[in-house]
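Colleague: Sequence:
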Amino acid sequence: EWVVAIVLPLHVTFLAWYMLSSSEPDNITPSYLKLWCFYFVLDATYGHLFHTLLLVPARWIARHLPGALVPSSDKENELVEQEESSNDTSLEWPSADAIAKLPSDWVVSMDTPDKEEKIAGDGDEGSNNAPKLIKKKRSKSKNDKPKSSQQCNNTLSDQKPPAATKNIAQQPYYLNHVRGSTRIRQASQRIGAAMGSILASFMIYHLSASKITLEDVGLTLPSSYILVVQDLAWGFSIGSSMVSIIFIMEVWLGWIKIVGFFQTVVPNESFAINFLWDVLFHVGVSINEEVMLRGWMFTLGCRGILAMALDWFEDSSNAATFSIIASIILQSSLFSFLHLHSPGSSYVSLLNLFLGGIAASINVMVAGGSLWLGIGWHFGWNIFMGHVLGRSTSGIPMSCACTDVIPRPKSPHKKCVENYHGGTFGPEQGVLAPLAYVIGIILVICVCGFDEMIVW
Numbered sequence: 097e098w099v100v101a102i103v104l105p106l107h108v109t110f111l112a113w114y115m116l117s118s119s120e121p122d123n124i125t126p127s128y129l130k131l132w133c134f135y136f137v138l139d140a141t142y143g144h145l146f147h148t149l150l151l152v153p154a155r156w157i158a159r160h161l162p163g164a165l166v167p168s169s170d171k172e173n174e175l176v177e178q179e180e181s182s183n184d185t186s187l188e189w190p191s192a193d194a195i196a197k198l199p200s201d202w203v204v205s206m207d208t209p210d211k212e213e214k215i216a217g218d219g220d221e222g223s224n225n226a227p228k229l230i231k232k233k234r235s236k237s238k239n240d241k242p243k244s245s246q247q248c249n250n251t252l253s254d255q256k257p258p259a260a261t262k263n264i265a266q267q268p269y270y271l272n273h274v275r276g277s278t279r280i281r282q283a284s285q286r287i288g289a290a291m292g293s294i295l296a297s298f299m300i301y302h303l304s305a306s307k308i309t310l311e312d313v314g315l316t317l318p319s320s321y322i323l324v325v326q327d328l329a330w331g332f333s334i335g336s337s338m339v340s341i342i343f344i345m346e347v348w349l350g351w352i353k354i355v356g357f358f359q360t361v362v363p364n365e366s367f368a369i370n371f372l373w374d375v376l377f378h379v380g381v382s383i384n385e386e387v388m389l390r391g392w393m394f395t396l397g398c399r400g401i402l403a404m405a406l407d408w409f410e411d412s413s414n415a416a417t418f419s420i421i422a423s424i425i426l427q428s429s430l431f432s433f434l435h436l437h438s439p440g441s442s443y444v445s446l447l448n449l450f451l452g453g454i455a456a457s458i459n460v461m462v463a464g465g466s467l468w469l470g471i472g473w474h475f476g477w478n479i480f481m482g483h484v485l486g487r488s489t490s491g492i493p494m495s496c497a498c499t500d501v502i503p504r505p506k507s508p509h510k511k512c513v514e515n516y517h518g519g520t521f522g523p524e525q526g527v528l529a530p531l532a533y534v535i536g537i538i539l540v541i542c543v544c545g546f547d548e549m550i551v552w
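First residue of the sequence shown? That's 97 in our numbering, and the numbers climb one at a time after it.
No incorrect hints appear here.
DSSO-like, lysine-lysine: derived pairs with alpha carbons at most 27 Å apart: (1) Lys506 - Lys197; (2) Lys307 - Lys130; (3) Lys353 - Lys506; (4) Lys353 - Lys197.
Simulated from the structure, these hints should not be mistaken for laboratory data.
Kindly produce the complete structure, drawing on both the sequences and the hints.
Modeller: Quick look at the structure:
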């Protein structure tokens, strides 16, 4: 694996240099398709390299975290299975205290293996609704001796974690959860992908003989870095505001219930440490997807399609309009397709994400081609939805949340609202997501105006 991670990027880089460094006559437009293909290959190979490098310290740190349950280094298959898991079925969620805060018609049985069996109690809303817990106890032998807390902590990392890649048990309360020691390793993959996207852009810029700059893909660095921070801040504020609107409406409509604040799924884990892994995870997601999709596929795609469309249309303005629409459709389709296998996805989530891709393209145009506003929007949307307000973000698992919520489960007595709040996939599959995108676009236009868009 190390040989592939190191040698493959070297070979691809040499091939890119050989294929892209040849000079082209000034009257011939560069092959945007060739640039785009080489970028994606470099992005994938560099991303894998950085992930391989980052995974080593991430695994070491994971084994030393409180509450860690990480297979030993010689059990590679178990390590990879745990790191790719979307839901750890060995974790008890929701807790008995959380269920006790639910109305009686929200309490459902959870037939989950290796967990306590929960049976809903009778009575009105309040403590009487707490489910009775029937614990499965093993019989003790004479030679069993209680372990000290230190012994327990020392042996945690040697235990074999249960398989969690597939949700073999039902999830009536929808949300996916993993340990913090798993989230840090998942974050290393996303940070590696983001580093790969940036390095691939930098290498294409230096290896290519065509006049493609980093500004052409939205990585604009103005003379004052305050402008970058300002765009990031505005994007973050708008993205988090849209999610907050969805959250307030879901609570008001009775689709979700707040059951706690600042809690971790595993009680003895550190909230601050777990939240840090979630921040790093979504920083990586935001940079990687915005650079790849909105930078290379949309912004550079507009230029490439325009170069061809000028031969198809007599009016250059019609050619420009066609290239923008075609690029929006292409990148929005790919953005939606990348979430095809996300937990809980359906045609509704894919359609909503297609609309989200359109909104993200408009962000880039209104910002004059810069990606910083979109990166801030993307990060604010994800971190607020998943880890500030406790809702599922495209089925991504969580290990902690500032606000603990429980979406309304399926019930034989009440109408199912899964199609409204989005189920396991989250609000991006719900009915409020399109409204949030429209509000976000309006806010972006109010902040930025149309001046930069016209120049772009």
